[in-house]
Every structure is written in C-alpha cells, then in structure tokens.
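Chemist: These protein sequences, in sequence, are chains A and B.
The numbering used here puts the first residue of the first sequence at 1, with every later residue one more than the last.
The numbering used here puts the first residue of the second sequence at 1098, with every later residue one more than the last.
Just so you know, these hints were derived from the structure itself, not from any lab.
One or more hints might be untrue.
What the hints assert, rightly or not - Computed, partial: chain A to chain B, Cβ under 10 Å:
1) Glu182
2) Val183
3) Gly198
4) Arg468
5) Gly493
6) Asp495
7) Arg962
Claimed, not checked - Every beta carbon over 12 Å from chain A, so not counted as near; a handful from chain B, in silico:
8) Met1137
9) Leu1177
10) Arg1191
11) Arg1349
12) Leu1398
13) Arg1447
14) Arg1494
Beta carbons are placed, not taken as given, at the ideal position from N, Cα and C, and that holds for glycine.
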Amino acid sequence: MHDLPYAELHCRSNFSFLEGGSHPEELVQKAHALGYEAIAITDRATLAGIVRAHGAAKQIAASLRGESSGQAAISRQAGIKLIVGAHLEPVDAMPLVVWATNRTGYSHLCRLLTRGYAADAASAGDASHDGGANACVLTLDDIAAHAEGLLAGVPLAAIADAGMRDTCGQNEAIAAVAQWREVFGERLVALAEVALEGDDEERLRWCATVGRQTQVPLVAAGDVRYHERFRMPLFDALTAVRHGCTVEEVRGRLLSNGERHLHGRRSIAERFATLPGAIEQSVEIARKCTFSLAELRYEYPDATVPAGRTPSQHLADLAWRGAAKRYPGSIPERVRSLIEHELALVAELGYEAYFLTVFDIVRFARRRGILCQGRGSAANSAICYCLGITSVDPARMDVLFERFISRERCEAPDIDIDFEHDRREEVIQYVYETYGRSRAAMTAEVISYRLRSAVRDIAKVLGLSLDRVEKIAGVLDAGDGVEALPQRLAEAGLDPADDTCTRLITLVGQLVGFPRHLGQHVGGMVMTRAFSGGMLGELCDLVPIQPAAMDGRTVIQWDKNDLDELGILKVDCLALGMLTAIHRAFDLVAAAGGPKLTLATVPAEDPAVYEMISRADTVGVFQIESRAQRSMLPRLKPACFYDLVIEVAIVRPGPIQGDMVHPYLRRRSGEEPVTFPNDAIRAVLEKTLGVPLFQEQAMRLAVVAAGFTPGEADQLRRAMGAWRRPGVIDEFHRKLVDGMRVRGLSQQFAEQVFQQIRGFGEYGFPESHAASFALLVYVSAWLKRHHPAAFTAALLGSQPMGFYAPAQLVRDAKEHGVRVLPVDVNASGWQARLEGDGKSGKRKAESGASSRAGRPGPAVRLGLEQVYGLGEAAGRRIEAARRAGPFRLPHELARRAQLDRESLLHLARAGAFESLGLDRRRAVWEAMRCLDRPECQPLLQGIQDEGDEDEEDDLLLPEMTRQEEVIADYRTAGLSLRSHPLQFERDALADRGIVTASEAGVAPEGRRVQVAGIVLTRQRPATAGGILFVTIEDETGTANIVVQPAVWQAADHAARRAAVLVVHGRIQRRGKVVHILATALEPLALVALPRMSRDFC
Amino acid sequence: MSRIMTIWLPRWPVQRRLLEWPELRQRPVFVCRRERRGVMTVVAWAWATPPRKAGASLPQPGGASRSRISLSGIQSGMSLAEAMAVLALSHGSRACHIAEVDQDDPAADLAALENIARSCRRFAPIVAIEKPLPHEHGGPECLQVDVTGTAGFFGGEGPLVRTVVWALAARGIHARAAIADTPAAAWAAAHHTDSLHAILPAAVSQPWQHRAGLRKRHCRWAVVPPGTHRQALAELPATALRLDAIVAAQLRDVGIQTIGGVARLPRKSLASRFAPQLSQRLAEFTGERPEPLVVPCSGELPTASQTFDFSLLLRDTTQDDLMAVIERLLHECVAPLAAQGKGVMSLQVRLERSQSAEHREACAPAIIDIGVFQPSSSAKHLAELVKLRLARMRMPREIEGITVEVVSVGAAECRQRTLFGEAAEASSSQVGMLMDRLSGRLGRGAVFEPRPMADAQPEHAWAAVPPAARGSRSSLRSRSRSKPGAKRSQQDDIGENSSAARMTASMAAPQRRPTWLLPRPVRLETVSVVGSAVDQTDMSSGPPVWFCIGAQRHEVVKAHGPERIETAWWRGPTVRRDYYVVETSTGARYWIFRRLRGGSSSGPGFAAASRLGGEWFLHGTFS
C-alpha cells in the first residue's frame, strides 16, 4: 500500500461559482505538491477557470526546469498535467464528467457548452431573466452530438446519494450508466467516490456491482471541492449563499465532513483498497487525455483583401497611402524607416490581419461620422498613425514600437480605441454583423468578490441580521483591505473578537478574490477567422461563448488576462464621453454659423488656450479638470503641446509614487540643474529634463543604461506591475543595478532609477497614451476658450461625465460671461442648446474673447434632461410637439406631447412653465388639474380645448421665497440659475464664525478658519495614503479641503455623507494653490439639499 | 353639537412592549417590520430613559444640540440600519449594542389598544379606535371617545382631559388628549397639543397647569372650545388632517402648509386636483361630513356571562357547582361557532370579583386563559381544561359573576359524527386533546414533541419542539415573547423543509445510528487501538480493539465505519468526530466516536473542541 501514481479527475474550482472553494491555481499547486500525475479541472459547465489552471501548471513546469538545470539533485516528475474537462448536468439524464482527449474533443466541448448557454437564453426568452447569470441547459442528445474526442465518467456517488442503493435503485443506476454507455461506448468510465460517510464499504461494493453489470470500468475520484481541509467552512458558507439562507438554515444540505479536499496518495490508496485497479485506471485516463491548452492556435480574422494581394502587401499599400495623406509634402525619412521597420516586424509575426481588422473598424466609424481615436501603446506605431487609428504624429513624438509589439514577448498587441460614448454600440454591432456571432464576441471580465460583497454574503449566511449586514457594508470604504475589517466591524457596533466576527473575518479573508460571476469587459472584442475550410476556426471552437446580460451581446468565458496568457488578439472598443461632447460642441458651433471643425482642423498651438490652461481655468476640460491636475497647472504652466502630454502623464500614481513630480518641477523652474550621467541617457531623458515620466522612458533607460534588450525591458515593466511576485522583482533589481554599475553609473542613480521604474508599474502612462489624451485635452480646452457656450452646452448634453456636476459647469460658464437660460417647455430641447445671437455669432467665433468683452455671445438654454424624473422619450415628444407652435397651458402641452401626469408634474416642479407666466406652484396647480380631465385623454382631445376655466383666478397660492425657489431648483434640476443655497444662510453662518470660500482663499497661511459648502466631490487617490480630498462650494466659490484619515475616522456617519459640510481647518498655501487642512467635519442641516457630490473614493 | 375626545398614545407598539416588559425602558427599543427583500423598517421606536450625558461624549462643539436633532431624526419608515446609524451617532455604538429590536405584531398592538379602550369606558360609553388609513405605516394609535354631555361628571372638559392623561400616566402610559367638535379636529389637536398652547392661550390654559409648573411645550392636553376649531386649528400643519404621504406631498408642491391653507383653497378644485381623501378629510374636519366612530365590536365572538344576585362566597361552593356554571357558559359560546364550522382556539374565563368597598383596589377579575392546539368545538373538552386550571389557581374569596369570552377561533375539522356522541373521535384530535390535557396539567412550557432536524451532529439531529409550532398559532406564540438573546427564533422555514429531505435520506440507511442517544456522550477511559500510529494528515486511526464502560471490558469483534463528522463550526468550536458502530463479543452493539485532533489548518474562529483530541466516547447503544 504505497504511493501509487494517481490523477484526480473530478475537481471543481471556484469558477463553478459557489460550488467550489479553491482557486484553480491552488488546486493545481496542491495536486502537484501531493505528487499527482495529473489533475482535471472539471468546473460545472464552464471553462472559465481553465486558463488560470493552465498558467499554474505552466509555472510549475517552468520552475522545475529552472531547478533541474540548476541543481540536478532534485528530481521530481516533470510537473503536473492539466486535463481540461467539465462537469455537466443535463436536464434529462444523470450528471456526467467529460474530459477532452485531443483538440477535436476540446473543440466539441466548447461547442457543447456554447450550445447549452444559447439554449437557455432561447428558452428563457427575455421574461424571467433578470441578469447575466444564465444556465447551461443541455440534453442527452446535445452531448451525444458532441461526444467525439471526449472521455466521460459517470459520478456514481451522485446516484448513490439520491437514495438509490436498493435493488430497484441499482437497476435505475445501471440504466443510467447504460444510457451513457450507448453514447460514449468504450470511452465511458464510472467514478467511484467516497468521503468517509460511514458506509464507504457498501458504497464501493455497490459501485463495483453497477460497474460489473454495465461493464464500465471503475475509476477512483474524489469529487473535490477545495484543495485543503481548512476550506470546508468557506465551502459550507458558499453553499448557504447558493441557497440564499444562513448556514444554520442550510445545515441539512451541507456535506457532513471536510473530506472533499485533495488527499494524500497513501490515504487514497487505503480508501480504494477494496476496489483494485480503480486508481491505476485514473492514471490510464489521464494518459489518454493528451490535449493541452498550449495546442490552441488562434486563427486571425480574415481581412478583406483585394484579389491577388496578400494581407501583407495590402497592409503595406494602405500604410503608404495613409502616410502620403498624413504627410502631404514628403514622408519624413524617420517616419519612412519606422514604417518599414514596423511592416517587417508585423509581417514576421503575422499580425497583418489584426491591423487590417482594426483599420476596418476605424474606417467604419469614420464613415458613420463617429469620432474615434486610438489610445494606449498603439500610438507608438507609425502604421497605426498612417492608418488613422491613432493621432499621434511619430514625426513629432519619439515613439517606441517595442512597447507595442516586441519579438521577445510572444504576446498579442493590444489596440484600444475610444469611440463616442453613446455611439459605441453601433461599432460593436458592426463587428458582430461583419464577423458573425460565431466569430466575434466580447471578452469576459471575471467579477471577483471584493471586500464589501464578500462581507455582505458571508455576514448574511452567518446569520447576522440584514440591517447589521447593511450597516457593516455601509461603513466599509472602497479602499479597505481585509485587514481593515476588524476596525470597521467595531465601527459598525460589533465586537471583532466575538466568535461570529472572527468567523466573518476569516471567511471574508478567504473569499475576497474569488470569482463571483462572469461579467462583460468594457469593450474588449475577440474576433476570429471569418471563413475556414475545416471546422476549426470559429470562435466557439476556441472557447465557449455565452449570451451576455445585455441584449445582443455575447461573451466568451475568458477574461483579458486569460487571452494574454494564450496569445489571443482582441480589440478594445472603449467609450469616451469627451468624444461625444467634442462632437456635440463641433455640431453646435457649426449650427450657430461657426466653422465646421474636426479633431484635425482645430487650430493648433493657440497661445490663448495655453494661457487659460496655465491659469488652471479648466473646469470641463478633458483630463486636466481634476483637483490634482488643476493644482499642478499653475506650477507647470504648459506652453506647448508636449507640455500637455507631460501634464497628463505627471499627475499619475506612477510618477507620484516614484517621486518624479517634484524633481521635474524644480528643474523646470530652474531651481535645480539638469544633468545627465551620459549622452545615451541624455537622449532618453532630455525632453523631460532628466526625469523619467513615461513608461517608454523607463524601459529605454533600462536598455541604454543597464543593457536590457527591449523585450527584457518590457518584462521588467510587467514584473513591476499590479501582479507583483516577490522573486521576479529582485531578479530584475539585481540585473538592473548590476547593469548600470557595469556601465559606470553610480549605485545611487541605479537605485533611483529602479525606484522610479517600480513606481510606474501599471499605473504610469505610456507617452503614446498621454499624447493621445493630450490631443483631446487641447481640443476641449480650445473649445472652452473660444466657444464657451457651445462647450458648456455640449458638456451638459454628455452627462454624466468628468469631475463636475452640471451645477458647477453652469456656474463656471456664468463666470465666463456665458448667459445660461433656465429650462422652459417653450424653449428647451431635450439636451442643452445654444440660443440667440445665431447669425451674428458666426463672425465672432474667432475672436474668442467676445463673451468676456461684454458683447453677448450665444446663450445656453438648459435642456429638459435637467428635469429630474422626466424620461427622454417624453422630452423628445415635447420637442417635436413644439414645432407646431408654442404651448400656452400645461394641459395643452400634456395633450400635444402626450405626457402623463407625472411627467407634467416633474416639469411643473422644475419651473419649466415660467414663460407661460406660471410660477412653480401655480404650474403644479395647473398640472394637477389636468390629471383627470378629458382633454388629457387623446380620445377626447379638442372637446374642451379652451375656455371653461374654473373660476380660480382669485386663487392665491403662497409665493415661494427666493430661498425656497433656489432649493426647489436644486431638488428638481440639480442646479439653480438664481442664487446659491448657502447665500440665504450667510448671516447665520457668519454668526457661527464661518467665513466664505473666497475669504478663506485670501486668508494667510496657518490661519484657523471654518467654511461651509455643498460637497462637490470626494476623492481618495490611491497614492495619497488614505487622505481624502473634498471640494466644497458656497456662493463665493469653491474651497479645497484636505482630510487626513484620522479626521475622517473621527467624523461621524452624518458628516461623511452630508450634502452640506462645515469644515474646521487651517489654511495651507502652496504657491497659488490654497487648501484647507481639516481638523473636524460637521454636517450642516440648515439647508435641505439632496446629496449631489461626485465621489471617487 | 357633539364633543369628541381623541386620546393619542404615541409610538403605541413600543409603549405596549414597555408596559409588558418594563425592563426595556433602559434600552432603545425598535419595533420593525420586515419588508420585501428582507429590509427592516422602523415602525416605532423609543428610548424611555436614555443616559443623561448623551451629548458629553461627542467630540464636536455644538454636540448637545446635534444629538437632539439626530435623535428626532429617527422616523418611522426609516430602515433599521439607518436608524441605528443615527442612534450610534448620538449615543455611541454601545446604544446599538443594547438596542432591542422586535418584529412588529399589529394584532397584539391592537388587542392591547382595545384593552385600553375598554378601560376608558369609564369616561364615556362610546370608545372607538381610529380607523387606520389604507397606506399608513403603523397601526392605530388613537382612541376616540364621544364625550358629548359627559364632561360634566368630571368637572368640565378641561378636568376631563387632564384626568384621562393622568390616569393613563399612572398606568405608565404616555398619552396626549384633546377635545374638539369633530373626531378629525380632536385628532389634529391631540397630535399638536404643544403648539396649540401658543395658539390658544386663553381658551385652553388652565390654572392647574401653572400650578403644576408644567412647561408649555410638554403640555399633553388641549380643549378646543365648541365652534372654534376651524379658526383655532387653522395654523396646524396640513398633515394634521391625517393625510396620505402622497396627498401631503401634493400640498407641499403647491405651497400649502396649514389646515387653514387647505380650507382656503377652492373646494371645487380640491376634488379635481387632489386625491379624494383631501376633500373628505377636510369635510370631516369641519363637521360637514360625519365621521362615524368605529367601536370595536366585541360581540363578534361569542361571550356568555352570568351574574349572581349576591356575591358568591367560593368557600361555600363546590368546584363542581362552579364548573357546572362554566360548562353551561362554554356551551353557550361554542354552540354558535360549531354551527359555522368553527372551533375555539383560545378563550378567557373571568371570575368577576365583588367590588365591595373594602376591596376596591383588588377588584381585578381572576382570569383563566385557555388555548388549545386544535380548534375545539367540544364544550366538554374545554371545560376539562378549565377545570385543570381551576384546580391549580388561587381563588378569590368571593365572586359576583362569571364571564366566558372567546378570544380567537379557527376552522374546526369537520368530521362525520357517530351516532353515539363524541366517543369515537379520530386519533389526531385525541392527540390534540392529550396535549391539551398534558399542558393543562403540566403547564404549557412542559410539553414538547421530538422532531428530526437536518444536522450532521447527532445531538442536534432532533429537536424538542413545542407542539403549538405546527400550525399557524400566532395568537399563542405572541404571548411567549422571545427573549432578547433569541432574536432569530422564528426563521426556521428552510431548516424545516430540508429536515424532511434529510429524513428521507437517513431513512435509506437506518442501521447506521441508534434510535436513542445518551444524553451526553460518555467518555471511555480505557480504549485500546490497534497500531496507534495516528496518520498525521488524515487524523484517522481505525476502530478500537477493546474498550471499557465503567469496569466492564468489551472486546470488539466487528466494527463499521468510520463515519466522519466535521461540522457545527458556525455555532461554536468545530465538532470533529469519527463514529464507529462496534459489535462486542457479547453481541451488543455500541455507537462510539473518537474526537479528532483539531486540524492545525482550521484557522482562527474555527478552533476544534479540543486541542488534544483522540479521546473516545460512547454516544449510544443499539437495542
């Protein structure tokens, strides 16, 4: 009875959501540690966890190779083999475990699962489905149709548990096995599984009988649910989550012990001692399964290539043609050589089809007039620039193609494209149409348990009352880790040392990071070959596809990292609100008689724009409107496009953590000399004054200063990334520092560079990406400077977006002299628009200062979308109905636009009838009258159109005070054009010693002040060590508050959530930037305002 | 001209609980309702005696004033979590720890309110309970008393309201009361007695108030002089008309805030613009439309009583005589119910005591409450239960009458009667009767039935359940209040369902466990195990070779197992055992287990029962 070779064939990971208690990686590693020959990951109807298991197995193999090359003494087996399989529960037959023996079998398995999910979506229709979690519905026939290349095992325990172990049950079990035997023939086995339930011997005997009678060989298996015994409580808790009740309530359905873990081989041998051959059989099966995920070959989508040309030639044609268009004179020599270099590399790696595919998508968007722009590392490519995918000119920028595609890293290039927010769906549907649903799908995103969701689920199943659960979830901050939990529990009024809490903390700690369900990646699309001779080539041969929660979308079962691991290409079609706003602003400018602008025709390098940016007057401008950016702008004083690129990149966690911001600022202001250790480094860092600010620079530095190859440099960047693995960093550290020392650089410099590179990780911007964004920064700033009204209207029409709510955008516009007109049923469209001064504005467009010079520019008319509660359809109907003439009475509006009572009341409450001479209350009064009157019903319209007014002219409704009006404005539209709510409280506030924001702004350093204001934003940047940045606003302006974690903790619940806040603090001045360092926070209940802050924490 | 007094018992659901369990006065009490999706909303809440220095612990300046704001910030309809947050804010998280959270029980609230109503009949014959609004959040909290012409007996309306409030206060009930011309006006006035003082100084303020040194804002009563309520109450908020939230919001939208404001609106437009409730309530307020008082009709359920012409001295009366009267009364009550196919679920027998002068204070009747497990229409059976109770109770000296009142009824099981009386009742009803008798004799808390529970740990695999828990006997259960520690006692639906599933599963292998377990597992001191080398990883060791129970040595000839149990981590230390069925050389079969070593991997919070483990226990024998 010794350690027989063994392979575990029935093993569910946590990707069988709520039916497994360990990560696939843990299972693989543990199985390896126990010396298993192979392990099959057989999740329930999904292959979502397979790639991770594959990665773990690969890593084990790699480390073994490393070991064996270094020290031959350690002679373990060659890693562990991963078998791809699935646990299936068909609707009309007994459960089944299947394993893929070869590529054909794998492909059948993918198709089978795809079919199951599609069948569920079809049968459920759209009725009973309330979310993405759909099931895989399979029948015996489905499985039979896809049986080729698969091995199957019937888990007999599932039958035995159902109380079928008497003779009659035995016959049924025999029938069930026989049924599967008809499908799989010789490829069927029966899984004998026992778990110390007291009658193991009888069970095994029973299994043996069934096996003998059906002539199906018996195989030892474990029905494993977690890798180690200690996960049993977690698994029990997950079972309770699955049943939606507490552990106590579900205790009858729990497994009675913790035996479903991976066992040592000796104890397995003991357990199956009475079933000779069963263990050997498991190894036998494992050896038959030769398929490995490494065999997967991604089939690139076919591009539309003209007859007689190869894709490679076609791409070259397009690139050169594009280059000729981009550089009308002659193509610069540098660019020419870049293009040649890139084309050669692309051809070598066979990525032409990918480029052509992306080009096709971009071309479609252009044709439809959808603004789009590539971002990210793709902007490092001259080809992408020539194809129009990106807009960063390689002639002006120093591009690093290796950041995009490198030979060393056999990894797919990654092109991200931003589309207008509300039109991206068109692009996605185009991709589906062009490539077909069997060949294109969205990338999945594995939604994992985070602290809050884990606490919710675990606390519920531990029997905490729901309000307690909500309470705990409520006190959790988004940035909290598991280690913060005890403190949070105490805050929620629980004793962290109490038994239940200890259990909660332990289980939550284990659960965080578990996959919860498969979501849909924001924009990643995977496409595969459009047509192929053989069957292999459709996407569902590669990976199962399932319908997404969103109509008309399908999702593959793998996420972005899985695709990277397997080298599969995807295109990220992202949505960017600013592109929508810019497009809208262009349209508004053109409609008002201004020039017809495009991204490319906006006048470049306008000093007036830079002047405005340097004043930090950037509310609404893309990227640089945040508080951190705005406090940087006056120090940086951008004066040219490249400064914007730096500005975008510098206020990032990477540069901040790598301590690059201050050296750069000092050098820029001339306080510190700019020096370079040698010329090679000068070439890399000169444009950023010797401070590496971009990922490319960090990588190049590794190349020129430490002798890395470009591919190694990229590995370095990845190693420092979010997925830090301790060993890898040290290896690079040594290599980097040694490399620099060899090249004569100082240890100190080397360490500094290492720290900087480390700081980048995944949080820094590549220069190419910053440049793409800087372009949008410039365009939006230009619009703000020269067409403030159109810009404001466009921003209002693209909400929610950016850092500021409509109230602040409107306020900022008014400060720039833009007239803003209230919502009115007789003037407003659904979205904000420009009004008045239409024709005359045309000529003044270029003299951007028009508004400030006192001449009225066009005014912004707020749109009906500002009215809370009004639906878009109703708003559009009002717009359409008004074409027949203005409305005179609310009920006339209701009739003509077919509004229901609620919409009418929402309009009335928002004061949208003022042009009819009806104040808010009178309008509500009138609107209420319409409710049940015949003229509101379409059938009877016209009967009592006019006259027949009640004798109500003497009605006197109490007039609203100005304060009431303002508060009603905020309540119904989120902003007021009249006044600021705090103005009315000013006297009372002054009595309490509270000063205005503008007074605080001029107070001397260190002065103690109190300010009060509406909370606009709360932000907790990851880099700030828990410091919270709060912006509050009163009638005189905004104040920037810095809240230390201790102060925030001391502040009570109401203050943390208050709409209006009183801040006690001290003035802190840094240059022109004034902060108030809070010492205490207090809610202000004087003003009954809704909470309206935008929180980024 | 009628005069109506409204008595408002604010936060009645909480007050009722405080009356029943005065110890709760020290703690914040929340009465909550479970809404859909399991969210708990506060129906009513109170903290009768909050700690004095509530504001002292607050770090902020102005904390004291804030705590007052915050506490009044808890409103009915709020979610419990939100309310707790407010409470924690004003009184610290300890307040949340000690808070008592109870599920609402409208039936019990109403029943208790009816009792108050009955006791208020001493002020006037017609005492009604307010009709709840259809969408209102809580149950009724007001009594409406028609005091037309009766105030004179109490020295006028002012003294009358005062007496009512003080009489209730003497019983520990906080009440506010007001008298006005219409029920609606009285309702409005009772809810705003504080602010009425400012409005009606001359009319209402009475000399005794100044004597008592009452501050105005604590004034708990008001009298609106006849014919003046339209003007006097005009400044009260419009919500004092008792309006739905929707109507109130509509009024707010057009800026109408007071009753007077509503009254000034054109009547015609009220109907066309607002829900009909508004004009109806306004008409009821002014008196244009009568608002009938709904007197709780106690006549719905049968009552029977007999009054004796002379006080009956009980020591002169045999119990049989007494029982003869009671049985007759019972029969009177049961007969009309039986005709409707109903049976009695619970009833009350009151032995009304004499109100002789010297015993004035001890005039409360002696009460026997009877509840049965199945609706019963047998007067004989009920009489038997009464008799059992009668035998155990302390009897008053003399009584003036006997009343039998049916408190609740249920559908009686219909069955064909046999020709010869009730002798051949079906066995199920006999089980019910047996239980009734047993609990009549032993007390209700002493009768249980065993029920298999789904649990892997054998001692938890069955439970002694009160037999009443079988049906929907909310009226009974509401009396046995769950103690604070056992808040979650009534959520076991799922557990019960799955217990059925588990039952069938364990039926499949009946031989594996003995029917009777020892009350506690007995430690086996001497056990010999073959090859005692314990597998470190899997903790198993195999069955014993022999073991001793007391001095008796048992040789194991056959062992079956192990059946491993690892469970119960959620209620305490993880229970980890290997069970074996062992057959000894004498042919006896025992169920023994070995406590397993706590796996080091258990992690904090999942400690095994013993660090050592390895001991053997006897847990049952097979007979």
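Chemist: Any hints this thing doesn't respect? Which numbers, in order?
Modeler: 1, 2, 7, 8, 9, 10, 11
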